[in-house]
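A.B. asks: Keeping their order, the protein sequence lines are chains R and A.
No gaps in the numbering here: position 84 of the first sequence is 505 in this note's numbering, and each next residue is one more.
No gaps in the numbering here: position 106 of the second sequence is 159 in this note's numbering, and each next residue is one more.
Derived by calculation from the structure, the hints in this document are not laboratory data.
Be aware that one or more of the hints could be misleading.
[Said to hold, decoys possible] A short, non-exhaustive set of chain R residues, derived as facing chain A with CB atoms under 8 Å:
#, residue
1, A445
2, A470
3, K489
4, G529
5, A533
[Unchecked claim] Here are the simulated DSSO-like pairs of lysine-lysine, each with C-alpha atoms no more than 30 Å apart in a straight line:
#, chain 1, residue 1, chain 2, residue 2
6, R, K463, A, K119
7, R, K426, R, K489
8, R, K426, A, K94
9, R, K436, A, K67
Glycine included, C-beta positions come from ideal geometry on N, C-alpha and C.
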Amino acid sequence: QQQVKQSPQSLIVQKGGISIINCAYENTAFDYFPWYQQFPGKGPALLIAIRPDVSEKKEGRFTISFNKSAKQFSLHIMDSQPGDSATYFCAASTGNGGATNKLIFGTGTLLAVQP
Amino acid sequence: GAVVSQHPSRVICKSGTSVKIECRSLDFQATTMFWYRQFPKQSLMLMATSNEGSKATYEQGVEKDKFLINHASLTLSTLTVTSAHPEDSSFYICSAAVGLGDGYTFGSGTRLTVV
């Protein structure tokens, strides 16, 4: 019940296309859903996060769509660029992302954007 | 923004020796920090939750006597890998929650190679 399932495992997108990564969870106590971007040899960096009181959040080319009833959320990267090529992780936690609540990570998606 | 500094970025040590990894919150106080381990092309696995002034909480299957965690101040947590073996070779990453609802910031990671 603590798992966050992520798909696809890898994704190839042409430059300018839309990259879509999906995640699903079981624990209805989760109330904070961030997405992280990780480049090889670096720590994850927060891209965008959402809470269950909204169905969509957009920041620049990155959009999170959230479906509370289906317990699913997804990341859309519009106008994908070669510089977006990285591994993306979804995650979830309880306590509104508070100081003591651990993050549960998805399995990751390796995105390659071809020029 | 909130920054977590992690050192060293990479370390090579001999089997049987101990290695210490430091994680500092530079511009905020972190009562709780988290330590993760990441194998190549895999997700982040939470090892332990580090609490300032008290004992760390270890995840199931993580040897507390092998991975010693000390959180002596509000800005510093350390992970010591004791009696390191080649199977301990991995990418270790720390993180801290910036504040309620403000998400988690990750360090840049430490690549440990045990030879």
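A.B. asks: A separate judgement is required for each hint: does it hold in the structure or not?
C.D. replies: Checked hints:
Hint on R/A445 is violated. Least Cβ distance to chain A is approximately 15 Å, over the 8 Å limit. Restraint check, R/A470 versus chain A: the minimum CB separation of about 6 Å is within 8 Å; hint holds. With 8 Å as the threshold, the beta carbon of R/K489 stays out of range of chain A, its nearest partner Cβ sitting at about 18 Å, so the hint is violated. Checking R/G529 against chain A by beta carbon gives a least distance of about 5 Å; that is within 8 Å, so the hint holds.
Checking R/A533 against chain A: minimum C-beta separation of about 13 Å lies over 8 Å; hint violated. As the CA atoms of R/K463 and A/K119 are separated by approximately 24 Å, the hinted pair is consistent with the 30 Å bound. Taking the CA atoms of R/K426 and R/K489, the gap is about 15 Å. The hint holds against a cut of 30 Å. Among the hinted pairs, R/K426 with A/K94 is consistent with the structure: their alpha-carbon atoms are about 16 Å apart, no more than 30 Å.
A hinted pair counts as satisfied when its Cα atoms are at most 30 Å apart, and R/K436 with A/K67 does not qualify at roughly 45 Å.
The earlier numbered hints that this structure contradicts are 1, 3, 5 and 9.
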